[in-house]
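Put together the whole structure using the sequences plus the hints.
Going down the list, the sequences are from chains A and B. For the record, in the first sequence the residue sitting at position 306 is 306 according to the working numbering, with numbers rising by one throughout. For the record, in the second sequence the residue sitting at position 7 is 1007 according to the working numbering, with numbers rising by one throughout.
Cross-link-like lysine-lysine pairs, in silico, DSSO-like; alpha carbons within 27 Å at most:
| no. | chain 1 | residue 1 | chain 2 | residue 2 |
| --- | --- | --- | --- | --- |
| 1 | B | K1086 | B | K1010 |
| 2 | B | K1058 | B | K1086 |
| 3 | A | K258 | A | K229 |
| 4 | B | K1071 | A | K258 |
| 5 | A | K424 | A | K140 |
| 6 | B | K1058 | A | K455 |
| 7 | B | K1012 | B | K1058 |
| 8 | A | K232 | B | K1010 |
| 9 | B | K1086 | A | K210 |
| 10 | A | K229 | B | K1012 |
| 11 | B | K1086 | A | K229 |
| 12 | A | K229 | A | K210 |
| 13 | B | K1086 | A | K232 |
| 14 | B | K1010 | A | K229 |
| 15 | B | K1071 | A | K210 |
Just so you know, these hints were derived from the structure itself, not from any lab.
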Amino acid sequence: MIVPAIAGGSILCDEHISVDHDRMAGMLEELDMLFGREAAGESSCIALEVENSVRQAVLILYLLSERINFFLRAPASPVHQSLPSFCDKLLSMDVGVAHERGAAAAVRISRNPEYICPGSMHPRSGRVLFSSSGTSGAPKYICYDGESLLRNAENCRRRFGHDEDSRVLVPVPISHMYGMGAGFLPALIAGASICLVERNNVVKLYDKVKNFLPGMIFITPTVARMMLKLGKQLPGERTYITAGESISRDTLTQFREKFGWVINLYGCTELGAIATTPFWREDVQLPLEPLDEVAVRLGDDGRIWCRHNAGFIGYADGTGRISPGYLPDGWYDTRDRGYDAGKGCFSVTGRMDNCINRSGFLVSLEEIESLLEESIEGICKAVVFEGGVGNGMATGVIAVCEVVEGHLPDRDVVKAACRDRMNKYLVPDDFYFTSQLPRLGNGKPDRLYLINHYKNII
Amino acid sequence: MQEPTIGYIKEKIREILVNDLDANIDPASLRDDLSLYDDGLGLDSIAIINFIVLVEQKFDITFEGEEISSKLFGNINNLAEFIEVKLRSQVDKV
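Listed below in structure tokens is the structure:
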């Protein structure tokens, strides 16, 4: 076992079950028998759709321990979207059945008809693949060695100060690097108690804070804003870890006053956790301090480069062929920009390109625009941006679309069409339609005007 | 001050869900015991927050942090019963 099970007094729980050390060991044995019977351990790569449940977390531990290759398929992938051809099997687990009759009855392993035997992925080579934000015809997959994931987790464990007495709430998806690499695995290797929450919303979060009494909670900036919007105080003091898009100083200050310590975690799927803001300091917006074993440098143009002790192997294409993601000297281009804040710290000011982090995926707004223009009838030009919270109501990713003359699309029809043709995390939350977008002198849409006035666009 | 009936409260909650929330809810599908979450109406995180804020505004009540729970906002029945008690306690204070 390369993954230590949880410590004596600790628990791993979700909304349905809670398991201790002995029970988890029993579940791992059950999986071992199942995989032996199905000869699944000799797969080239198993595709999984993982929920935040105890059963599926244990399944991930089993695969990591046995160095069985697996690919974490994006949750809620469109049904028609085929599996990458390097996956020979798809494993699904009905968590409800697993609770009643055990994993053996709940696991279904099916063959991927599009499997092409990839020479580069030998069985039990410890590969773990995450989805990238690939939006068009050539998706990329981010390939790790399982042992790197655990080193990444150890980096986080040290920074977070987890131990057997820690209680960690993970309501962010463990199928993504943030949830797995920073939330779940560091707490697990520390022997902490862990509560997994599936399909998080703020109401569920309030439930879990009251019932599980976590000392640390992993959230997203959107959840932080939602909590502020709701404005309801929670009993006790705890640390909140957030990652993804930046949060304004005002929001951070308000959050700190209302809910507790906020630590900003900086990282990416390719490298995992890179840096955090310092722990237990009053100033909410401090520069980022690289984790131990992680080096960061800034280029002349402000580009942030990172050399990591536990980063990915490289990008895999649909056939499993891996191309390196680093410079020959081992540095990785984060495509973020920032500035040197002194004393080995740095601050991030934004993306070198125009991307956002959505549901754990780095999403290019320009790519969403292209998809809307190319695949949705009647849309000739689209401008997509993040809405945040405004006018007392919460919003998300907004698309303002210029439509062909005489064509007035129904926003629900357009949204449904997008869901059919795009990954869920690419679909804008709201749409506005106009016969003519406001434009700058050079003919480009006036993005800034739209961000501030999109609700008045007709 | 007269306290509203449970029927009135449910109707008002339905109005919020259908007319004010912008969540594209079909009134015909709206049963009082239907979950507001993924296994029912499918309100997402943003919609749930907006819903809570709207309920507070429309009924002129405030939910405390300790009162916020999945069960309370699980369906119209649970919420209406809670609001009825909340409103009754306000009337008693007056």
